[in-house]
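Engineer: Residues per chain are reported as follows:
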Amino acid sequence: DTAVSQTPKYLVTQMGNDKSIKCEQNLGHDTMYWYKQDSKKFLKIMFSYNNKELIINETVPNRFSPKSPDKAHLNLHINSLELGDSAVYFCASSPRNQETQYFGPGTRLLVL
Amino acid sequence: DAKTTQPPSMDCAEGRAANLPCNHSTISGNEYVYWYRQIHSQGPQYIIHGLKNNETNEMASLIITEDRKSSTLILPHATLRDTAVYYCIVRVARAGGTSYGKLTFGQGTILTVHP
Chain A
1 DTAVSQTPKY LVTQMGNDKS IKCEQNLGHD TMYWYKQDSK KFLKIMFSYN
51 NKELIINETV PNRFSPKSPD KAHLNLHINS LELGDSAVYF CASSPRNQET
101 QYFGPGTRLL VL
Chain B
1001 DAKTTQPPSM DCAEGRAANL PCNHSTISGN EYVYWYRQIH SQGPQYIIHG
1051 LKNNETNEMA SLIITEDRKS STLILPHATL RDTAVYYCIV RVARAGGTSY
1101 GKLTFGQGTI LTVHP
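Sequence order for the protein chains is A and B. Everything in the first sequence is counted per this note's numbering, starting at 1 for the first residue and increasing by one. Everything in the second sequence is counted per this note's numbering, starting at 1001 for the first residue and increasing by one.
Check the hints yourself; a few may be wrong.
Okay, derived cross-link-like pairs now, PhoX-like style, lysine-lysine, Cα gap no bigger than 20 Å in a straight line [what the hints assert, rightly or not]:
hint	chain 1	residue 1	chain 2	residue 2
1	A	19	A	67
2	A	9	A	19
3	B	1003	A	41
4	B	1052	B	1069
5	B	1003	A	44
6	A	22	A	67
In short, the hints are calculated from the structure, not lab data. Being a predicted model, the structure only gives us computed values, none of them experimental.
Using the sequences and the hints, build the whole thing.
Structural biologist: Here you go:
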């Protein structure tokens, strides 16, 4: 009965590949987010969706494309992976855009 | 959103109160103070938030100064499991436009609780 889940937990891939990370929340929340935490542990927002509509896109390269098939899911597709994409990616959700965000366990991406 | 300043690290003995300070001298009248923490290898976890009154929940207490330029998160009886990075974040609640729901994390305070 995990609130916010992400798959996979670990992802190791070669430079140039395309990969997807999936996120699902069973909290009935309207808003979902993707955050990136780099090697220096800085946590930065990438995208926010509210009711399947893109709300925030924080100067993220076009290689990153979020997709929200429904309110409970927000997937992240990354094209042409680069070494600098190696990071931990966290999905989060909140009731509409309210203050309390619930985070998933993270997906650790390593690009070789 | 207003910028926050936190000490990079703090230590606390198990069972004692942990008091984590945060400065937010440029906070606006409609901005709330939020605290999240991130335990090693986990996603961030919401702790508490407040506007100007002191707040308490099952996890912690939040003390906000009268001028709202600083605040303190208090873990009344720290345990080893409270070892984590604690983030103080200031933002407008229920914001619209480009700050819609965005949390801006700083470097936080690494709290180490030792036996």
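Engineer: Does each hint fit the structure? Answer for all of them.
Structural biologist: Cross-check of the supplied hints:
1. Under the criterion of a C-alpha separation no larger than 20 Å, the hint pairing residue 19(A) with residue 67(A) is consistent with the structure, at around 13 Å.
2. Restraint check for residue 9(A) and residue 19(A): the C-alpha separation of about 13 Å stays at or below 20 Å, so the hint holds.
3. With a C-alpha separation of about 18 Å, the suggested pair residue 1003(B) and residue 41(A) falls inside the 20 Å cut-off, and the hint holds.
4. With a CA separation close to 10 Å, the supplied pair residue 1052(B) and residue 1069(B) stays within the 20 Å bound.
5. Proximity of residue 1003(B) to residue 44(A) is assessed by CA-CA distance (about 14 Å); at most 20 Å being required, the pair is judged to hold.
6. With a CA separation close to 9 Å, the supplied pair residue 22(A) and residue 67(A) stays within the 20 Å bound.
Of the hints listed earlier, there is not a single one the structure fails to meet.
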